[in-house]
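Q: The primary structure of each chain is shown beneath.
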Amino acid sequence: MTTVSGPTSRSYGRSWQRNRSAATSDREQGSATVLVAAAVGLVAVVSAAVLVVVGLVRDLHHARGTADLAALAAAGPTAVGGIADCSAGAWVARRAGARLVSCRTLADGSVRVAVSVPVQARSWLPGVPATVSGSARAGVVDDSGGRRLGSSSALDRPVELTASARRAGLTAAGGA
Amino acid sequence: MVTVELAVAIPALVAVLALCLAALDLGLRQVRCDAAARTVARQLARGEAPASARRDGLRGAPDGARLIVRREGADVRVTVTAPLPAVLAPLAAVAEPRAVAVARLEQ
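In order, the protein sequences belong to chains A and B. Per our numbering: the first sequence = residues 1 to 176. Per our numbering: the second sequence = residues 1 to 107.
Worth flagging that the hints you see were computed from the coordinates, not collected in a lab. Heads up, some of the hints might be wrong.
[Unchecked claim] Selected chain B positions facing chain A (Cβ under 10 Å, derived; list incomplete):
no. : residue
1   : T3
2   : A12
3   : A15
4   : V16
5   : V100
[What the hints assert, rightly or not] Sample of chain B residues lacking proximity to chain A, with all beta carbon distances greater than 10 Å (derived):
no. : residue
6   : D56
7   : R59
8   : G60
9   : A93
10  : E96
[As the list claims (entries may be wrong)] Per the computed footprint, the stretches of chain A lying under chain B, defined by three or more beta-carbons under 8 Å from a beta-carbon of chain B, are:
no. : region
11  : 65–77
12  : 92–103
The C-beta atom is built at its ideal place from N, Cα and C for all residues, glycine as well.
Turn these sequences into a full structure, and let the hints guide you.
A: Here it is in structure tokens:
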């Protein structure tokens, strides 16, 4: 456009530019919508996946906490010289929306339980289990405060979540 | 024209993003409710004072969380409910974050 001179040429140039810009606009019409729709879709898919993971974390957390309370309930009678009461553990687990899957007394008199919790975030993501489980150990601990009941966190190092997601379900493992 | 399209579409993107972040917040609130319910149930089962159990439980709970403690025979049942994130609050279909913990009272 810089080489053209004279009023006629300039007006021709302007009109050419206008036509060109109209043509460009026609060609690009809708492109932003497509781009943004793609971005919205991407955000939605990614966040759906994130939500499934968050739901899984919540269920794992619940399973671990419920296992803790169920183990304490089962180990309750051992604090007063009785034997472990697994039915109490099963009851506590059931009231909290979980199911007691194992309960056994270890050699040191502590009780180890595992509970399973149905995963609420049903999903299309592969590898998401139908239930997650948590386990905990509880027993009598002797400390400065005298004999009292303790669970995984008091008996061993704090309960840790294992990262292994198996087909059977995720495991929230306490100490051995 | 493209500018007009963007002007309409970008708020839609922002809205979707806001919903997703709110849903993430909801999940985190549920985890915190769960932890709070468990803390209170455990402390009450051990025979701690209700006031200190409540205080310890609500320390980690979301703002505005409500605590319901009920004694059921030999058990104590604690329900913690928290308000929805502000973005999700107008949606009737979304349930408030809620967690239940049950503990057997120690002799």
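Q: Can we trust that R59 of chain B is non-interface, i.e. its beta-carbon lies farther than 10 Å from all of chain A?
A: holds, 16 Å
Q: With chain A as the partner, please determine if T3 of chain B meets the hint condition of a C-beta pair closer than 10 Å.
A: holds, 8 Å
Q: Double-check V16 of chain B for me: the hint is only fine if its C-beta lies closer than 10 Å to a C-beta in chain A.
A: holds, 5 Å
Q: Quick check: do three or more residues in the region 92–103 of chain A have a beta carbon closer than 8 Å to a beta carbon of chain B?
A: holds (count 4)
Q: Given V100 of chain B was flagged as interface, is its beta-carbon under 10 Å from a beta-carbon of chain A?
A: Holds - the Cβ of V100 of chain B comes within 10 Å of chain A, reaching about 6 Å at its closest.
Q: Run the C-beta distances from A93 of chain B to all of chain A and say if the shortest one exceeds 10 Å.
A: Check passes; 15 Å lies beyond 10 Å.
Q: For G60 of chain B, which was marked as not at the interface, is the minimum beta-carbon distance to chain A over 10 Å?
A: The assertion about G60 of chain B holds, with a minimum of 12 Å to chain A.
Q: If you take the shortest Cβ to Cβ gap from A12 of chain B to chain A, is it below 10 Å?
A: holds, 6 Å
Q: Hey, is D56 of chain B genuinely clear of chain A, shortest beta carbon separation above 10 Å?
A: holds, 15 Å
Q: Is the coverage entry for the region 65–77 of chain A by chain B consistent with the three-residue Cβ rule at 8 Å?
A: holds (count 7)
Q: Should the interface hint for A15 of chain B be scored as holding, given a Cβ-Cβ cut-off of 10 Å against chain A?
A: holds, 9 Å
Q: May I ask you to check that E96 of chain B keeps its beta-carbon over 10 Å from the closest beta-carbon of chain A?
A: holds, 14 Å
In this structure, every one of the numbered hints holds.
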